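Single-letter residue listing:
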Amino acid sequence: MGGVQSFRQLCDRPKNTNVRISLPVVCTVWQLAMIILFGVFIRYDIEADPHWIDYRKANNISSDIENDFYYRYPSFQDVHVMIFVGFGFLMTFLKRYSFGGVGFNFLISAFGIQWALLMQGWFHSLDYTDGKIKIGIENLINADFCVASCLIAYGAVLGKVSPVQLMVMTLFGVTLYAVEEYIILNLIHAKDAGGSMVIHAFGAYYGLFISWMLYRPNLHQSSRLQGSLYHSDVFTVIGTLFLWMFWPSFNSAIANHGDGQLRAVINTYLSLGASVLTTVAISSLYNKHGKLDMVHIQNATLAGGVAVGTAAEFMLMPYGSVIVGSCCGIISTLGYIHVTPFLEKRLKIHDTCGVHNLHGMPAVVGGIVGAVTAACATTAAYGTEGLVETFDFTGDFKDMTPSQQGGHQAAGLCVALCFGVGGGILVGGILRLPIWGDPADDNCFNDDVYWEVPDEEEENIPPIIQYNSHMQNKDVVESDFTLEHRDLKA
Amino acid sequence: MGGVQSFRQLCDRPKNTNVRISLPVVCTVWQLAMIILFGVFIRYDIEADPHWIDYRKANNISSDIENDFYYRYPSFQDVHVMIFVGFGFLMTFLKRYSFGGVGFNFLISAFGIQWALLMQGWFHSLDYTDGKIKIGIENLINADFCVASCLIAYGAVLGKVSPVQLMVMTLFGVTLYAVEEYIILNLIHAKDAGGSMVIHAFGAYYGLFISWMLYRPNLHQSSRLQGSLYHSDVFTVIGTLFLWMFWPSFNSAIANHGDGQLRAVINTYLSLGASVLTTVAISSLYNKHGKLDMVHIQNATLAGGVAVGTAAEFMLMPYGSVIVGSCCGIISTLGYIHVTPFLEKRLKIHDTCGVHNLHGMPAVVGGIVGAVTAACATTAAYGTEGLVETFDFTGDFKDMTPSQQGGHQAAGLCVALCFGVGGGILVGGILRLPIWGDPADDNCFNDDVYWEVPDEEEENIPPIIQYNSHMQNKDVVESDFTLEHRDLKA
Amino acid sequence: MGGVQSFRQLCDRPKNTNVRISLPVVCTVWQLAMIILFGVFIRYDIEADPHWIDYRKANNISSDIENDFYYRYPSFQDVHVMIFVGFGFLMTFLKRYSFGGVGFNFLISAFGIQWALLMQGWFHSLDYTDGKIKIGIENLINADFCVASCLIAYGAVLGKVSPVQLMVMTLFGVTLYAVEEYIILNLIHAKDAGGSMVIHAFGAYYGLFISWMLYRPNLHQSSRLQGSLYHSDVFTVIGTLFLWMFWPSFNSAIANHGDGQLRAVINTYLSLGASVLTTVAISSLYNKHGKLDMVHIQNATLAGGVAVGTAAEFMLMPYGSVIVGSCCGIISTLGYIHVTPFLEKRLKIHDTCGVHNLHGMPAVVGGIVGAVTAACATTAAYGTEGLVETFDFTGDFKDMTPSQQGGHQAAGLCVALCFGVGGGILVGGILRLPIWGDPADDNCFNDDVYWEVPDEEEENIPPIIQYNSHMQNKDVVESDFTLEHRDLKA
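Chains as they are written, first to last, in our numbering: chain Y, 54 to 543; chain H, 54 to 543; chain B, 54 to 543.
Chain Y extracted, bound-state conformation (with noise of 0.2 Å):
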């Protein structure tokens, strides 16, 4: 008897998730290395360098608009954007994890996006000569990129975990995607402008992968907190809008300069159209009474906008565009429909925000467009030195044919796969460890653990006392008060 009860107690153990010392701890700890690493390892680049003025003049270039910066910088503040109001704010729809949502978003990607820099500029950016990594607007955007990837792991697991494992899980996930990244970009010598394979692909299965380590088989205790508000719905909608409109410039970013960039926008454009009429087909068609869902306008709407990330910059057509969008929003949709559930019940992977959705199946659709596209790619439609510039056919790959390139795409999105999925067992099983400060079953989706939340019970704002102006507006509060009054005495 003695035993049992003292095992019990063990597993009724309450979870401590006062984060007072880890917190600060792993904050300061990782900041102070990232002060020395950036101090050892980062330099600008010379389009960011005093002596660029003697590099144009050297190199020939007329003008200060030929810096790559005015190519790409309204590129980067979309993308920017994306990252900090389009995916935090599509993570408050929980009607208690607000602030939790779009908070610790803010906080995995500020840090994110300093060690991102440091992963890929190893890899990418190392200057031979002196061992310095240089880093220009092009390394910028990509530190974004690298983060979206975790924002989107973010989502599996949103309220389920606490800001140290996030930080961990952040720290492994930029390092695993610079890994896969390299693997995908340079090895096998994949494109992929938008970033289906390496982003979406290996963030989503990341994140499902750690959600599948962390199971709560009880999590349903907490479902009352899993709901939405009215108004949580409509902050969300503010996520929704900035992902979907700067989606072509995130998918354009880091295009080729000219028609790339400009082919990648309006594929980018059409698909996220043409995903929002079919994601509203579906969810309407699936309710009883017609109506629509908003968690399916919320997200399954930017479907359209992973699915043509390999192929943004491809020859996809105009048609091409649409046709992908609008599949993507029907199997977007029907994933919340069916898939979800079917997740969470047969395989033990629970997903918030749905991010096998909007994020895995349709970026495995992208990828695979992406491979089609490229081994259907003839001189014809891209013109000689337009398909070279394109597929990037030099130094060792000049002798590339599309169809070869086409399979490397789908070797890519292999790769991906797979470091999403072996990279999510291995960060979900550090993560088990009962270190970290996660919150118990019951308090999981609740701000409370991990913020200081404002007492709602004042919400009662108490009437104004002005004397000259207000006195039909007295009397009615005045009245209110009496009721209300009249109730607790009762």
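FYI, nobody ran anything at the bench for these hints, they're computed from the structure.
Fair warning: this is a prediction, and the values are worked out from it, not measured in the lab.
Same chains, same names: a pair is fine if it fits in one copy or spans any two.
Below, in silico cross-link-like pairs of lysine-lysine (DSS-like), each with a Cα-Cα straight-line distance of 27 Å or less:
#1 K68 to K341
#2 K68 to K401
#3 K110 to K451
#4 K398 to K68
#5 K187 to K110
#6 K110 to K185
#7 K398 to K341
Assemble chains H and B onto chain Y, guided by the hints.
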């Protein structure tokens, strides 16, 4: 007796708002039509085509930065934000129609931009050598512009129509817009950089006359839902501000490169600034206690942007912009105070958002300002080349004089108004058919009809139970609960 | 006895907050003044003038893309968003002052930019050949910058002043700013790309000393309205994020073309990222349960942007930016914990938004960092031409050395502080006159005083009555109603 009763029953027959069949069908059919038409007609412009590199060399274009993409993409993204967040959130003010305001805005915009690419493409971007529409960045901007007119119209009927009606309204609205725009800009050769006439005047009267055709005499019964809430008003301010801030981009997005774009920005910036002050002055002056009305601040502050639309690119001069903005702030605010009640009571036009004040009247002012400014243009002010470039006095119109141009501008305004009124009556008639699933008077302005709305009863968040760190909180909450239970038992 | 009583009556005399005369008069008179002064003084810059085409040819400018518009317009729009949405929503956190926070921010910005164009124009853009101010895109950015300083000052007095007082504060604030900016940038020849000194230091102390002059000893009585609500805190995060994301544009908007702008972006991006982590660390550390305080996340995360303002364009180096950001996140958060209560209790400075922590202290740090970075500049780091271009060692200043520049930077900081303190005391004195309609202590932080606020009692949305599809809902709602009625009857 029986006859009267059965007639009454017929009248009282509840409206069927179940759009489970009609909405999916409309969305699917129209999206399929888009796929087919895009497949047949739409191709990339040379600036978005991989052959751009060959074109550049052939035409001696020195750099990728000369691609129109880099001239217009930042403006395009700003316009995109205005369409989806600006107009969307401007329509969230109703206490129980925020989902419908921003959600249906999203739906019809996403459909409208696809249909606009086709309709405007046939008129403006058809390549007669191969019968294809070639789209580039300017087409995307124009599609957004076109949709803006339908969103303005939506403002007049907000809360009183079904999503199916909105899709029909957008289909016809875009079609009429493309015809009207072709007549005004190409046949009449009026200039309208910011679309005071083609977008705002057309859109406002299109919506108002649809609303007139759909007049509901007993709508005051559901007036309890027609107000706003404190929080929903703040959401609307998001829409107001994004429209206000990005209006300079709207008016300059398709202006001439160089000085034309910058002049449009300066004029719009100044006009909008002036509108704010006069709006505040009138709003305060007309309130018994000098208090500001949020409706005026949310809407009339934008009137200056509408009113300098046509003349934005002209030599309106900074003080001219300030004068126009000041006047339109006054006109628009007085419109909310005097004209909207008049329209509703006397003319039976119910205008939910007050688009007549924000778009209708300022657009007429804007058309007139454009005509006068054009008629007064001199070679001294514009320079010889500047005059030709600003007013596009080339080709068939190379012998036009500024005073003639003024007449053409006025004619353009008339055409826009005629299309608005005529189109509104026509489409309003179609929308009166009893097949579109529109809501009963009682259900107007109510999201419950077309949306799954989260249960608000749970807003009363239950206490968290956490053993180690929340004892004091728990006590407080428990006593709250006790009180509540006492109420119920009493 | 009678004398005491009448004196008490005089003291207790309710404040007249009716601004029905004063607000319209101030708005109208000042807008009329703007029209006249714009008519007399303001004209388009050559880059916004139709003669640009002639100028281009005369000056051998190869392309329209060389128009400064294309270098700076994206940054301008980002700055514009910071002013209206960033600062505006940052001030919506009070539970009952969201209208005033974002609405008055809108009002004074719209006035301020017009007055700033004139004031700054006289100092910086006066064309002595014709006595006109010639405005281009850089003037618009500078006007936004100038207004930012007044919005910072508004943060200190938020909720405690009338809109008329704010207009007066802005009139004087813009005037003082223009003088101070001219002294610092032109006479002292300090550099201040991101305005740590001219904007933030001046604005913060200007606001704080106004608040000191307007100190209300009994304000704690209305402290029930001084807190935030869950939803209003989320609105504030919108402001925080748009400031945070676009701060790189703020600091780079008027930096030198090319490397200067890009370097400012990189420095600001890194500094802001670091601020987030140290803010979280300190916020968690100082809470008994390790919980985060939303106030810190909303504000202190931005301190890094303020602190790299002056040095943004210098060779601060990436690690330097990270160090500065890290330190200022700590300083600013500690400011909220320790300095704000100290200021209020000991120095009688009530600082509603904590501008001393977000702008005041980081700005002083920023000024010092700028001085040190300038003093340490070497030809090796900047290159010969780069050094001249970065610090503008031309004309009268062509013989300056970096160490001299460091001294000038320090002098600039002192001037900014003196103008802030002196201007605050002066303008605060003016605002103490009993003619401005300021609210009584009881009515501080209450929108009811200056705004028509919607009735919240109706938030209790009545049930919809719909015959065909809502039977189950109707039942639920009815039983709710029964419960409520029972309460009232009991």
